[in-house]
Amino acid sequence: MTTAAQRTTMVTTPFGEVGGGLLGAIYIVWWRDIIRYWRDRARVGASLAQPLLYLVIFGTGLASSLGGGFGSSAGAAGVSYTTFIFPGVISMSVLFTSIFGAMSIVWDREFGFMRELLVAPIDRAAIAVGKTLGGATQAMIQGLILLVLAPFVGVTLSPAVVLEIVVLTFVLAFGLSAMGVALASYMRSMQGFQVVMNFLMMPMFFLSGALFPLVGLPSWMTVLTRLNPASYGIDPIRRTLLGSSGFPVERFAINIFDRTLPIAVEAAIVLAFGLVMLAVAVRAFQRRD
Amino acid sequence: MTAVIEVASLVKKYGELEAVRGIDLSVEQGEVFGFLGPNGAGKTTTISILCTLLRPTAGKARVAGIDVAQDPAAVRRRIGLVFQDPSLDDQLTARENLELHGRIYGVPGAVRKQRIDELLGVVELADRAGSLVKTFSGGMKRRLEIARGVLHHPQVLFLDEPTLGLDPQTRKHIWDYLSALRKREGVTLFMTTHYMDEAEFCDRIAIIDRGTIAALGTPAELKGRIGGDVITLAVADVPAAAREIKERFGIDPLAANGTLRIEVPDGASFLPRLVRELPMPISTVSLSRPSLDDVFLKLTGHAIRTEGASEKDMMRNMGRMWRGGRR
Ligand SMILES: Nc1ncnc2c1ncn2[C@@H]1O[C@H](COP(=O)(O)OP(=O)(O)OP(=O)(O)O)[C@@H](O)[C@H]1O
Ligand SMILES: [Mg+2]
Numbered sequence: 001m002t003t004a005a006q007r008t009t010m011v012t013t014p015f016g017e018v019g020g021g022l023l024g025a026i027y028i029v030w031w032r033d034i035i036r037y038w039r040d041r042a043r044v045g046a047s048l049a050q051p052l053l054y055l056v057i058f059g060t061g062l063a064s065s066l067g068g069g070f071g072s073s074a075g076a077a078g079v080s081y082t083t084f085i086f087p088g089v090i091s092m093s094v095l096f097t098s099i100f101g102a103m104s105i106v107w108d109r110e111f112g113f114m115r116e117l118l119v120a121p122i123d124r125a126a127i128a129v130g131k132t133l134g135g136a137t138q139a140m141i142q143g144l145i146l147l148v149l150a151p152f153v154g155v156t157l158s159p160a161v162v163l164e165i166v167v168l169t170f171v172l173a174f175g176l177s178a179m180g181v182a183l184a185s186y187m188r189s190m191q192g193f194q195v196v197m198n199f200l201m202m203p204m205f206f207l208s209g210a211l212f213p214l215v216g217l218p219s220w221m222t223v224l225t226r227l228n229p230a231s232y233g234i235d236p237i238r239r240t241l242l243g244s245s246g247f248p249v250e251r252f253a254i255n256i257f258d259r260t261l262p263i264a265v266e267a268a269i270v271l272a273f274g275l276v277m278l279a280v281a282v283r284a285f286q287r288r289d
Numbered sequence: 290m291t292a293v294i295e296v297a298s299l300v301k302k303y304g305e306l307e308a309v310r311g312i313d314l315s316v317e318q319g320e321v322f323g324f325l326g327p328n329g330a331g332k333t334t335t336i337s338i339l340c341t342l343l344r345p346t347a348g349k350a351r352v353a354g355i356d357v358a359q360d361p362a363a364v365r366r367r368i369g370l371v372f373q374d375p376s377l378d379d380q381l382t383a384r385e386n387l388e389l390h391g392r393i394y395g396v397p398g399a400v401r402k403q404r405i406d407e408l409l410g411v412v413e414l415a416d417r418a419g420s421l422v423k424t425f426s427g428g429m430k431r432r433l434e435i436a437r438g439v440l441h442h443p444q445v446l447f448l449d450e451p452t453l454g455l456d457p458q459t460r461k462h463i464w465d466y467l468s469a470l471r472k473r474e475g476v477t478l479f480m481t482t483h484y485m486d487e488a489e490f491c492d493r494i495a496i497i498d499r500g501t502i503a504a505l506g507t508p509a510e511l512k513g514r515i516g517g518d519v520i521t522l523a524v525a526d527v528p529a530a531a532r533e534i535k536e537r538f539g540i541d542p543l544a545a546n547g548t549l550r551i552e553v554p555d556g557a558s559f560l561p562r563l564v565r566e567l568p569m570p571i572s573t574v575s576l577s578r579p580s581l582d583d584v585f586l587k588l589t590g591h592a593i594r595t596e597g598a599s600e601k602d603m604m605r606n607m608g609r610m611w612r613g614g615r616r
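From first to last, the protein sequence lines are chains Y and B. Just so it is clear: in the first sequence, position 38 is 38 by the numbering used here, and no numbers are missing. Basically the numbering used here = 1-based index in the second sequence + 289.
With the rest of the complex left out, here is chain Y (with noise of 0.2 angstroms):
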């Protein structure tokens, strides 16, 4: 046996920063969830299924229940049910994506790839942007590509409209991230995720105005509904999909205290929320037990 003096030891100095600093290191946590994303594309069509249940069943029986005339009063034409709700389920899958995307780090932190980002000479705030940035574009896109059943609800499509419609689905789909990235880097076990799914992700759906109208409803549902942010992610995105064909949808904008609120506002109070959100998970992951 040789002792460690005879063998040959090299003094190695370390190489130097990620490139691109903390950019850099963001991107790499970024492209990382994006190659995921795109390799497992069968995951990708599964997803889909869930929305399209919600859209087809939910949306067909509800609008036959309720006649042609949804939300129609004197003289004004009403939005069929399917057509109201397809913004809805557009956001719905904005939701879950965003936040089952986020509940991955759990497992990923103690088990997974994780422990390689977090073990690595980076800056933490690097893993907590890139995450919440590489869920929120997966869940912007699962969002997106229900776009294509536009033209069977009734909806027509413009550039301009389209465009507008990424913003506001990816500003939605940032602050939902953000949120799932929060709690799951508070997390510690898998328990918490049910906790998460029934007393915040459902709850959060059915009071978005995903499903319903948020006007009209007893008081202490309206307060619950206005305090939700996923409201204001959802609003804007109906009131440009629908609006722009010309359905009457301003009547089911958000308003508080008998005043709408612009697009523009409410898209700034996701955005706030989101990067509320991200600032606290970037304090967690840059915490040591």
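There could be a bad hint or two in this list.
Said to hold, decoys possible - Below, computed lysine to aspartate or glutamate pairings styled on EDC-like, alpha-carbon distance capped at 16 angstroms:
| hint | chain 1 | residue 1 | chain 2 | residue 2 |
| --- | --- | --- | --- | --- |
| 1 | B | 423 | B | 379 |
| 2 | B | 423 | Y | 40 |
| 3 | B | 587 | B | 518 |
| 4 | B | 535 | B | 510 |
| 5 | B | 302 | Y | 289 |
No lab work stands behind these hints, which were simulated from the structure alone.
Following the hints, position chain B with the ligands against chain Y.
Relative to chain Y, chain B with the ligands alone:
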């Protein structure tokens, strides 16, 4: 000789539970240091502290001359880590995993490419470089992780149970790759295991049990703590036989798993005497050179064992099933 890892009175508490209770050790540059202990002994916890993933509750730890609590980023640049559970991205190819690692550690493009090719060669995965990691066997994944761990020329490579769950032949191979890498790169290896036979590959071993170091030395030194040979005896009435042996020979035998172990300086001459003079019938008897199992048993009073699944193990398995991963 320079110490590349220095640990003094290291303590880690998880709430009430004291997982590491005052560990002292020092590892020299170029050494292969083994950390040997049963499930829950505190091996992973210690490694996690040295790799800056956990903060020590008390005590000091320096890696490559840098305090892990004070400058974790500098420590991280100088170490490589192979985790207990595979931490490769299985949706990426072998080369992509290495590429990603090289980028994260700031290995410049040209060096990176050359280094990746070189290491894929060493761990004999060059022909599978373009395959997705999810198509790899457990042994191939481990090899790839080891290659990844040294890609950025770390001073120390930490390996947490690098051969766990692999068949004996694959385990042997992993050891061959590790010693090849050690020779080539001059990297210090700090590894944990609960396989006694593997500890023999190490220059020095620390035996850890319930958060404290029970013994530390070269494999030969540790075996030397057992006086000579080990006789293992199976009898119907273990306590009665133990009493007899104590009375007749003045030796205190150790009872474990329904057998008695006796340490004697010269087993070959003692064995016939024992068989002749013991009044009760003996069902089997064997004589062996001391193994590290014997050392462990002697130092800790219990055999190295595998306990029932902890909550963490359950979560680990759940995740594997969920993701369809295999190991
Ligand atoms: N995050 C944690 N929170 C609470 N307790 C923990 C945590 N991680 C480990 N422990 C406990 O600390 C003790 C030491 O665990 P550790 O994982 O370091 O053991 P180990 O020697 O690596 O065991 P194994 O061979 O099973 O990997 C165990 O009792 C374990 O249950
Ligand atoms: Mg362990």
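Now the hints, each set against the structure:
no.: 1; hint: B:423 - B:379; in the structure: holds, 5 angstroms
no.: 2; hint: B:423 - Y:40; in the structure: holds, 12 angstroms
no.: 3; hint: B:587 - B:518; in the structure: holds, 13 angstroms
no.: 4; hint: B:535 - B:510; in the structure: violated, 27 angstroms
no.: 5; hint: B:302 - Y:289; in the structure: holds, 10 angstroms
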